[in-house]
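Undergrad: In order, the protein sequence lines correspond to chains A and B. For the first sequence, numbering that gives the first Met the number 0 begins at 0 and goes up steadily by one. For the second sequence, numbering that gives the first Met the number 0 begins at 0 and goes up steadily by one.
If you're looking for bench data, these hints aren't it; they were derived computationally from the structure. Hints may contain errors.
[What the hints assert, rightly or not] Some residues of chain B that are not near chain A, with every Cβ distance over 10 Å (derived):
1. 3
2. 4
3. 31
4. 48
5. 51
6. 56
7. 57
8. 112
9. 116
10. 126
11. 138
[Unchecked claim] Computed far set for chain B versus chain A, every beta-carbon distance over 12 Å:
12. 14
13. 17
14. 20
15. 21
16. 49
17. 53
18. 54
19. 102
20. 137
[What the hints assert, rightly or not] Facing chain B, a subset of chain A residues (Cβ under 7 Å, in silico):
21. 145
22. 149
23. 193
24. 251
Nothing here was measured: the structure is a model prediction, and the numbers come from that model. The C-beta atom is built at its ideal place from N, Cα and C for all residues, glycine as well.
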Amino acid sequence: MMATRLAREVYVIGVGMHRFNNERLAAAAMADVAGMQALEDAGIGFPEVGALYNGYLGGGLTSGVGIAKEFGLTGIPVTHVENASATGSCAFGEAVHAVAGGRVDVAMALGFDDMNRMGGLGRGRGRHMGAEDVMLPAAFFAMWATRRMHDVGTTAETFAAIAAKNWNHARSNPLAQRRADHEVTIDEVLESTMISYPHTSMMACAAGGGAAAAIVATRQVAERLTAGRPLVRVIASQQRSETYTDGHVFLGAVIGPAQMTRDTAGDAYEQAGVGPDDLDLVQVHDAFPVEELVYYELLGICGDGEGDRLVAEGATGLGGRIPFSTDGGLTARGHPGGPTGLAQIHETTLQLRHEAGSRQVARARTGLCHMAGAGSVCVVHILQRTEG
Amino acid sequence: MGAMQVPADPRLFRLADGAESRPRLLGSHAPESNLYFWPRRLRCPVSRTPVTDVDLCPEGVLYAWTFLFVPRMGSISFGDSGGYGVGQIDLPEGVRVQAPLLGTTDDWQIGSPMGLTTFPVGRDDDGNDLVTFRFEAVR
Chain A
0 MMATRLAREV
10 YVIGVGMHRF
20 NNERLAAAAM
30 ADVAGMQALE
40 DAGIGFPEVG
50 ALYNGYLGGG
60 LTSGVGIAKE
70 FGLTGIPVTH
80 VENASATGSC
90 AFGEAVHAVA
100 GGRVDVAMAL
110 GFDDMNRMGG
120 LGRGRGRHMG
130 AEDVMLPAAF
140 FAMWATRRMH
150 DVGTTAETFA
160 AIAAKNWNHA
170 RSNPLAQRRA
180 DHEVTIDEVL
190 ESTMISYPHT
200 SMMACAAGGG
210 AAAAIVATRQ
220 VAERLTAGRP
230 LVRVIASQQR
240 SETYTDGHVF
250 LGAVIGPAQM
260 TRDTAGDAYE
270 QAGVGPDDLD
280 LVQVHDAFPV
290 EELVYYELLG
300 ICGDGEGDRL
310 VAEGATGLGG
320 RIPFSTDGGL
330 TARGHPGGPT
340 GLAQIHETTL
350 QLRHEAGSRQ
360 VARARTGLCH
370 MAGAGSVCVV
380 HILQRTEG
Chain B
0 MGAMQVPADP
10 RLFRLADGAE
20 SRPRLLGSHA
30 PESNLYFWPR
40 RLRCPVSRTP
50 VTDVDLCPEG
60 VLYAWTFLFV
70 PRMGSISFGD
80 SGGYGVGQID
90 LPEGVRVQAP
100 LLGTTDDWQI
110 GSPMGLTTFP
120 VGRDDDGNDL
130 VTFRFEAVR
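Bound conformation, chain B alone (with noise of 0.2 Å):
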């Protein structure tokens, strides 16, 4: 039996549950402006009403990205990939993220699906595999 997955911040997301294809990240609603929010608030920042909590849809489009060749400021290893891909996805519920991107610069195109996905990161001390979030493009 392999080790169990375990997000790297469980405030930000959660796993593909059941019969779930991806995982979700964790936003809120508004009802009374009906806006979403990503990550998480305390309230409706406009205004200022009571939010609930909600999962957020895992597929969205992809608004801008760029590909990272140098990493100056971050403690992430480049590994054999040479950088990394990030990107801003617009999902259905009209909140933008900003995340990782699984994949090339010949896979992101501004306006094609992207799907919500994970990756490993590394290991807990209780030898869980932690992984993080990314968007991938769908096809």
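Here chain A stands alone, though its shape is the one from the complex (with noise of 0.2 Å):
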């Protein structure tokens, strides 16, 4: 597919989020402290909001144009975006294309989610127990792990430096669900519980709520409202599903095949105009660190089979080479389905601010964020700093 530029200038003018927990908060009052942030950190009202795309796979059918109503009843148009694990992502991409393409100035968009009242993939078919009853996301990645310690020599060691990596990091972030009070070493990973051989618990992303919110506008209004601060462009916005490849998997594939996130980065690095070298940092669906790893090589880090080499040497760590989920990604900031990628939009416009505190990449410019869906659904966005 051929990837133009933007029609206009997308930079994203406000982030907000509700810390990711596994307390069974109400999703509406997350959403709402989410989306109350976003617009005072835009320094707006809603009332300038031209658009908003709320992200959810839980919740009612209303819910979406429920809690919009909290924040105003302005008449304008609210949408529901679901794609399953990339929700979030998607629903900023809608907000981006509603900028880029002249439909509103200023758009809004809102994930929100408890992956605990959801039922997912496995639950309540009852009698067929068939492929898509048992393939559950853990025995699906598992499988590309197992896979790749067959093809390319992967231990086990190098899956749980991946996740004690990401652990770390969401030590210095408040907004993590998972905050370890020690440094979470490899051993500990290894001995936790086996939930899916190699995965172990500590391996596995966080399944709880949260919300989290992003405000995108035009360059013009971007401009007027954040004098003297750092902007953050959107250079790419790029959505695929999947295409046909060799031993494709129709049912119970999860999330499709790997391709598409090479595929949609291609995409996404053509419409930006830079390349995997220009990255300062990046956050990916890292589910389950088998993820990460193929990651680091699908989106043109390493080359393919590289990637080990990467978590050896400590490159995608903070103060790495090219740190990834500097957050702590799905394994420790959290997954709650709606907001995740939503979070990732957050992190990202914080670290190009220069406002991540103790977990700041040094002079971050250019961050990608990729997410997957269940089903077939892959995203990816850049981001790039630019001065006021």
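Two chains, two separate frames, one set of hints: put the complex together.
TA: And the structure:
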């Protein structure tokens, strides 16, 4: 697919987030916190927002418009977006394209959910007990892992090292669901409960609740609101579903072929006019560490089969050559569903503004956010700092 | 006379027929692209040309596997087994099938031959034995 530049420049002017958690808080209340924070961060009131895209998997049919009523009855279009784990990323993409395409000058994406209240894959199908019933995400990604161990010689220690890195990144993120009170070790990760060989419980993403929001606008609006503050521009917004690949799995494939990430990233690099060497930090769908490892390669950060070496060198940790999952990722920041992709935008925006505190990536200028979603969804956004 | 066996999902597989030793997965073949698919497709997703119904080979090669210890999202009881295996099996037609595995972790090695079999999962309202499909290592 040809990836042309966005028709109008689009900037992130505000972000907000409710801490991800496992406390079964009301999703609407968390959404209100994230949305109001984003408005405050942008320095605007809700009447300036021209369109709202709500991303959620659980909740009732009208949850999104119900929450919008708390922000104000302004009459704007309010749209529900759902694309599994990539829901928040897709809501953000819709907001970006609403501004880029000229529909509105300011758009808001809001994600909220509680994974603990959802049915999810494998639940309630009863008697069939076929591939879709038993092929849970844990099993699906574990098979990526065992095949990689066979092909490349990856060890369980490498998977544990990635998970430990992300747990330790989250220690400096007050919005993360999992915040260890000590430096998490590889041994600790390996010794936690085995879920699906070779993945242990500390390698699995933290399912819970939370909310996150981002507001995007035209350059004209961004310059008016952020005087003296660095601007964060969205230089790529790309989304794909799957194409046919050798060994294509149609039933129980959870997220579709890995090739989708390479294709979507290729589109995003082309649209942005940058390459993997230009990136300063990356957020990915690290539901299990094998994913992050494979994405090093599919995003072009290193060659095929070289991801293990990056881990051994510490290249993808804070302070390394190209930090991944700087806020703890799905592993430790958490994965509530709808807001997860927007949490990536929140983190990347803070990093590019140089407001990320003790986990700040030095001189961060360009960041990539990647999400995969069940069914067959892949979304890549690239954000870049420009001086206001 | 024992209860009759019935496929839990007759859209996906059928029981062994007559002299056949194994059940069959129900697939599609697209003559124009010469691609095979499982489960059945309405048309070839690559060439968008018509497909015909075919029974797929009941033996293949293990591409990947895992053993699932925690059924968190599922409703399947582990019973006394403590978990279950799942795998991806490459059939000679070029189809990769994901399915539960019979056996233990010692039985499964990537690249080893696997065969389709059935597994009881309960009874229907008429008292028939419902079965679903699994793959097992071929000795």
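Undergrad: Could you work out which earlier hints the structure fails to respect and list their numbers in ascending sequence?
TA: none
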